[in-house]
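Undergrad: Line by line, the protein sequences are chains P and G.
Numbering-wise (this note's numbering), the first sequence opens with residue 95 and increments by one.
Numbering-wise (this note's numbering), the second sequence opens with residue 0 and increments by one.
Take these hints with a grain of salt, some might be off.
Claimed, not checked - Sample of chain P residues lacking proximity to chain G, with all beta carbon distances greater than 10 angstroms (derived):
#1 Asp156
#2 Asn183
#3 Leu184
#4 Arg185
#5 Trp187
#6 Arg264
Unchecked claim - With a Cα cut of at most 20 angstroms, we get these calculated SDA-like pairs of lysine to any residue:
#7 Lys250/G x Asn194/P
#8 Lys50/G x Asp199/P
#9 Lys246/G x Leu201/P
#10 Lys250/G x Asp210/G
#11 Lys246/G x Ala203/P
#12 Lys65/G x Asp166/P
#13 Lys65/G x Arg134/P
#14 Lys246/G x Ser198/P
#15 Lys246/G x Gly267/P
#16 Lys250/G x Glu195/G
#17 Lys50/G x Leu241/P
#18 Lys246/G x Gln200/P
#19 Lys198/G x Lys158/G
#20 Lys65/G x Arg144/P
#21 Lys50/G x Asp233/P
#22 Lys246/G x Gln246/P
#23 Lys246/G x Arg279/P
#24 Lys158/G x Ala184/G
#25 Lys50/G x Arg285/P
#26 Lys50/G x Asp256/P
Claimed, not checked - A partial selection of chain P residues facing chain G, derived with a Cβ cut-off under 10 angstroms:
#27 Arg157
#28 Val164
#29 Ile252
#30 Arg281
#31 Glu282
Simulated from the structure, these hints should not be mistaken for lab results.
Just so we're clear, the structure is a prediction, and the values are computed from it rather than from any experiment.
Idealized CB from N, CA, C, for every residue including glycine.
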Amino acid sequence: MIPGAPSESSAAARILAPSSRAALRLRGSCMSHGGAMPERAALIEAQIPRLRRFAYALLRGDRERADDLVQDTLERALSCWHLRRTEGNLRSWLYTILYNRFLSDQLRARRRGLHDALTEATELPGIAGGQEAALEHRDLLRAFSALPEEQQTVLLLIGVEDLSYEEAARVLGVPIGTVMSRLSRGRERLRQHMYGNLDDNSLRRNAALRRVK
Amino acid sequence: MRTAGGPVGEDDLQASVDGRLPPERAAIVEAYLAAYPEERERLSQYAEQRKALRAAFAISDEGTPKRLRVAHLLAERRRNRPGRLAQIAAAVLLLAVGGVGGWTAREFVPRLTSSASTILASTVFDDAIAAHRTFSVETRHPVEVGANEEAHLVQWLSKRLGRRLIAPDLSALGFQLMGGRLLPADSGPAALFMYENGKGTRLSCYYLSVDSAEETEFKYREENGISAFYWVDGGLAYAITANAPRKELLKIAELVYQQNSPDGAKPKEPPAPGKPS
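Based on the sequences and whatever the hints tell you, model everything.
TA: Here it is as structure tokens:
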């Protein structure tokens with residue numbers, strides 16, 4: 095079987111064609127209808143603004159797609175409520191669903207050939223243009239979007255969303271040491287973008303510190 | 000995190016930026032920063048940067064749009080939910096008509112429950128990563144049957160798994176088939192195809208037959224430098240495992256997914272290039 099344009103698009107069609115977007119959301123849903131709805135509703139509702147913020151940042155300011163992602167996440171959370179681990183916290187559970195959805199949406203988009211358009215963008219037009227402090231943030235956001243995606247995600251989860259290191263590791267499905275090194279590398283890279291040039295001494299010391307760990 | 004007495008490390012410094020430094024580490028970090036003022040400067044720049052990012056990604060105060068309100072979503076769910084009777088009828092139909100007509104009914108029947116599918120994913124991840132760890136380091140016997148007998152290998156493994164398998168062609172990404180082997184798994188035999196690129200990086204494609212028509216999303220796991228993508232599609236669970244970064248592995252997983260797409264086996268439909276519906 096030779097992969098080529100027709101087979102790629104038919105692979106995408108196989109995923110997308112039989113079902114509308116709504117049906118796509120239903121796929122793999124947990125189909126549970128039990129549980130106390132009002133409690134569930136209130137707990138989830140309280141998290142929506144944060145989820146939107148995270149989705150918005152992941153999708154580089156595309157509000158429409160960010161809200162689609164949040165909607166998918168919420169629908170999944172509502173139908174999979176019984177799978178929520180009681181010991182884990184709701185917030186990181188929701189972030190996990192959202193981030194996994196984000197990754198699989200990216201995969202689908204790639205299969206549709208939209209990958210370049212969606213993830214290689216270097217600007218954050220929606221954010222930069224849509225807020226009052228736009229100019230102040232523009233440089234920062236430009237530098238931020240130049241970071242490797244995995245570092246961006248860690249900086250968002252920890253710096254903006256206030257997740258603990260353990261929670262971020264759980265959301266991303268990576269060891270905590272990986273989270274720490276992405277955090278450290280991301281911050282340093284962003285600092286060099288923002289405050290100008292490299293300081294060789296401090297770089298050397300950072301390397302030494304990481305070895306100590 | 001390290002014990003109270005250990006030397007100051009980068010993790011301590013990051014934790015101090017996030018206000019997550021354990022109290023017993025505070026004094027030692029403070030002493031360190033007193034000795035290295037340029038480090039203090041670096042941390043204050045991180046703190047500034049953190050604040051600026053929070054401001055840039057501030058929560059909008061426009062309120063939650065209706066379509067995201069939980070009450071709205073619940074109402075939609077009630078409207079779209081297939082009735083319990085319909086589900087049972089569909090299940091009966093599926094049993095009655097078997098594989099041929101079952102495809103349509105399948106759409107209405109809950110497949111693997113989600114917890115079962117989580118357990119399956121976790122088992123396959125464990126097994127595939129363990130297999131990769133074991134066999135990818137073998138210099139002399141990484142595979143049971145070599146690529147020189149590819150047709151035989153594929154036929155043999157297909158027969159044992161009861162599914163038509165393919166050994167994906169990953170040469171476009173620089174990986175050549177080395178061969179494959181049969182492996183035991185809890186629910187039956189599993190198949191492993193091993194590949195290698197010019198740099199000596201090895202990659203394994205792990206297949207397990209599953210008793211489910213479910214099609215899952217890609218799942219990702221990373222463990223001590225080994226990363227793996229997993230999905231279920233067309234009665235097979237797949238795990239693609241390599242000592243490679245996520246991005247690179249993703250391309251491989253996509254290629255394997257495409258090549259396993261059953262569309263190639265269907266009667267030819269008029270191609271619709273570039274216009275996925």
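Undergrad: Work down the list of hints and note, for each, if the structure agrees.
TA: Hints versus structure:
Listed as a non-interface residue, Asp156/P keeps its Cβ farther than 10 angstroms from every Cβ of chain G; the least gap is roughly 14 angstroms. For Asn183/P, the non-interface assignment is confirmed: its Cβ lies about 16 angstroms from the closest Cβ of chain G, beyond the 10 angstroms cut-off. For Leu184/P, the non-interface assignment is confirmed: its Cβ lies about 13 angstroms from the closest Cβ of chain G, beyond the 10 angstroms cut-off. The Cβ of Arg185/P lies farther than 10 angstroms from every Cβ of chain G, with a closest approach of about 14 angstroms, so its non-interface assignment holds.
In this structure Trp187/P is separated from chain G by more than 10 angstroms, as the shortest Cβ-Cβ distance comes to about 13 angstroms. At roughly 12 angstroms from the closest C-beta of chain G, the C-beta of Arg264/P stays outside 10 angstroms, upholding its exclusion from the interface. About 17 angstroms separates the Cα atoms of Lys250/G and Asn194/P, which keeps this hinted pair within 20 angstroms; it holds. A hinted pair counts as satisfied when its Cα atoms are at most 20 angstroms apart, and Lys50/G with Asp199/P does not qualify at roughly 30 angstroms.
Only pairs whose Cα atoms come within 20 angstroms are accepted, and Lys246/G paired with Leu201/P is accepted, the gap being roughly 11 angstroms. Between Lys250/G and Asp210/G, the direct Cα distance comes to roughly 27 angstroms. Violation of the 20 angstroms bound is thereby established for this hinted pair. A hinted pair counts as satisfied when its Cα atoms are at most 20 angstroms apart, and Lys246/G with Ala203/P qualifies at roughly 15 angstroms. Between the alpha carbons of Lys65/G and Asp166/P the distance comes to roughly 14 angstroms, so the proposed pair stays at or under 20 angstroms and holds.
Annotation: proposed proximity of Lys65/G to Arg134/P holds, straight-line Cα distance about 17 angstroms (limit 20 angstroms). For the given pair, Lys246/G sits about 13 angstroms from Ser198/P by alpha-carbon distance, which is consistent with the 20 angstroms threshold. Taking the CA atoms of Lys246/G and Gly267/P, the gap is about 15 angstroms. The hint holds against a cut of 20 angstroms. Pair hint Lys250/G plus Glu195/G holds up; C-alpha atoms about 15 angstroms apart against a cutoff of 20 angstroms.
Our distance criterion of 20 angstroms between C-alpha atoms is met by Lys50/G and Leu241/P, whose separation comes to about 18 angstroms. The straight-line distance between the Cα atoms of Lys246/G and Gln200/P is roughly 12 angstroms, inside the 20 angstroms bound, and the hint therefore holds. For the hint linking Lys198/G to Lys158/G, the alpha-carbon distance of about 33 angstroms lies beyond 20 angstroms, and the restraint is violated. The hinted pair formed by Lys65/G and Arg144/P meets the criterion: a straight-line CA distance of about 16 angstroms does not exceed 20 angstroms.
Between the alpha carbons of Lys50/G and Asp233/P the distance comes to roughly 14 angstroms, so the proposed pair stays at or under 20 angstroms and holds. Of the supplied pair hints, the one linking Lys246/G and Gln246/P holds, its CA atoms being roughly 15 angstroms apart against a limit of 20 angstroms. Distance restraint check for Lys246/G and Arg279/P: the Cα-Cα separation of roughly 18 angstroms lies within the 20 angstroms cut-off, and the hinted pair is therefore satisfied. Restraint check for Lys158/G and Ala184/G: the C-alpha separation of about 16 angstroms stays at or below 20 angstroms, so the hint holds.
Taken as a hint, the Lys50/G and Arg285/P pair is honoured in the structure, with Cα atoms around 13 angstroms apart against an allowance of 20 angstroms. Taking the CA atoms of Lys50/G and Asp256/P, the gap is about 12 angstroms. The hint holds against a cut of 20 angstroms. Evaluation of the Arg157/P hint against chain G yields a held restraint, the C-beta minimum of about 9 angstroms falling below 10 angstroms. For Val164/P, the interface hint holds, since its Cβ comes within 10 angstroms of a Cβ in chain G; the closest pair sits about 6 angstroms apart.
For Ile252/P, the shortest C-beta to C-beta distance to chain G is roughly 6 angstroms, which falls under 10 angstroms, so the interface hint holds. The interface hint given for Arg281/P is met, as the beta carbon of that residue sits about 5 angstroms from the closest beta carbon of chain G, less than 10 angstroms. With 10 angstroms as the threshold, the beta carbon of Glu282/P comes within range of chain G, its nearest partner Cβ sitting at about 8 angstroms, so the hint holds.
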